[in-house]
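J.: The primary structure of each chain is shown beneath.
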Amino acid sequence: DAGVTQSPTHLIKTRGQQVTLRCSPKSGHDTVSWYQQALGQGPQFIFQYYEEEERQRGNFPDRFSGHQFPNYSSELNVNALLLGDSALYLCASSTTDVAGGFYYNEQFFGPGTRLTVL
Amino acid sequence: KNEVEQSPQNLTAQEGEFITINCSYSVGISALHWLQQHPGGGIVSLFMLSSGKKKHGRLIATINIQEKHSSLHITASHPRDSAVYICAVRSPRSNQFYFGTGTSLTVIP
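Chains A and B are the protein sequences, given in the same order.
Residue numbering for the first sequence follows this note's numbering, starting at 316 and increasing by one per position.
Residue numbering for the second sequence follows this note's numbering, starting at 572 and increasing by one per position.
None of these hints come from the bench; they were simulated from the model.
Heads up, a few of these hints could be off.
[What the hints assert, rightly or not] Here are the simulated BS3-like cross-link-like pairs (lysine-lysine), alpha carbons at most 27 Å apart as the crow flies:
id: 1; chain 1: B; residue 1: K625; chain 2: B; residue 2: K639
id: 2; chain 1: B; residue 1: K624; chain 2: B; residue 2: K639
id: 3; chain 1: B; residue 1: K639; chain 2: B; residue 2: K626
id: 4; chain 1: A; residue 1: K341; chain 2: B; residue 2: K625
id: 5; chain 1: A; residue 1: K341; chain 2: B; residue 2: K626
Put together the whole structure using the sequences plus the hints.
T.: Quick look at the structure:
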């Protein structure tokens, strides 16, 4: 089992460009969450995908969008890049197992994609 | 105010020392995670706790649900333990994580 994989590992873009980051979840996982981690900060939740739909969203503008495919892999798209979008983007996968309205399943993180916007 | 607060922010220890990192949170949770992040970014999940205490090798994690507090202990610290340790709590209704800003640990030989 390869665990959670992300591509590319590093990426350099310029302001105004668009970027697509990719994530393949751990085998057997159906839920993918994306996080942004700025330098020296803890990760911030962007959104979560389940059954090919965005289920939860953090406090990020519409420039950040995503997609989940039938094989549960996911993409994160960022349009009109700003310098402040430079960060490590982390993907985490889990299964969605809800008991009594509560989530119990552990999330596994990928290695991240480091995006630099110049 | 951040939902998750960690202390200390930075920690330097001599090899062999006993280390404690603290985490306090202010929201209801279904689970608390201790994560390890090495330079380069990859995050490894060390523990997932919803009550009590867990131990893996030299690492021990405890949680007090009533006090909304958790601690990560490292016994007989080693230079390879040098990393950023992040406390994260999971919302029970959304599965969303709230992260602390991390504790940067350096263990000197």
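J.: Now tell me, hint by hint, if it's right for this structure.
T.: Evaluation of the provided hints:
Proximity of K625 (chain B) to K639 (chain B) is assessed by CA-CA distance (about 17 Å); at most 27 Å being required, the pair is judged to hold. Note on K624 (chain B) and K639 (chain B): the hinted pairing holds, with a Cα-Cα distance of about 14 Å set against a maximum of 27 Å. The hinted pair formed by K639 (chain B) and K626 (chain B) meets the criterion: a straight-line CA distance of about 19 Å does not exceed 27 Å. For the proposed pair K341 (chain A) and K625 (chain B), the alpha carbon gap of about 24 Å is at most 27 Å, so the pair holds.
Using a Cα cut-off of 27 Å, the hinted pair K341 (chain A) and K626 (chain B) holds, with the two alpha carbons roughly 25 Å apart.
The structure shown violates none of the earlier numbered hints.
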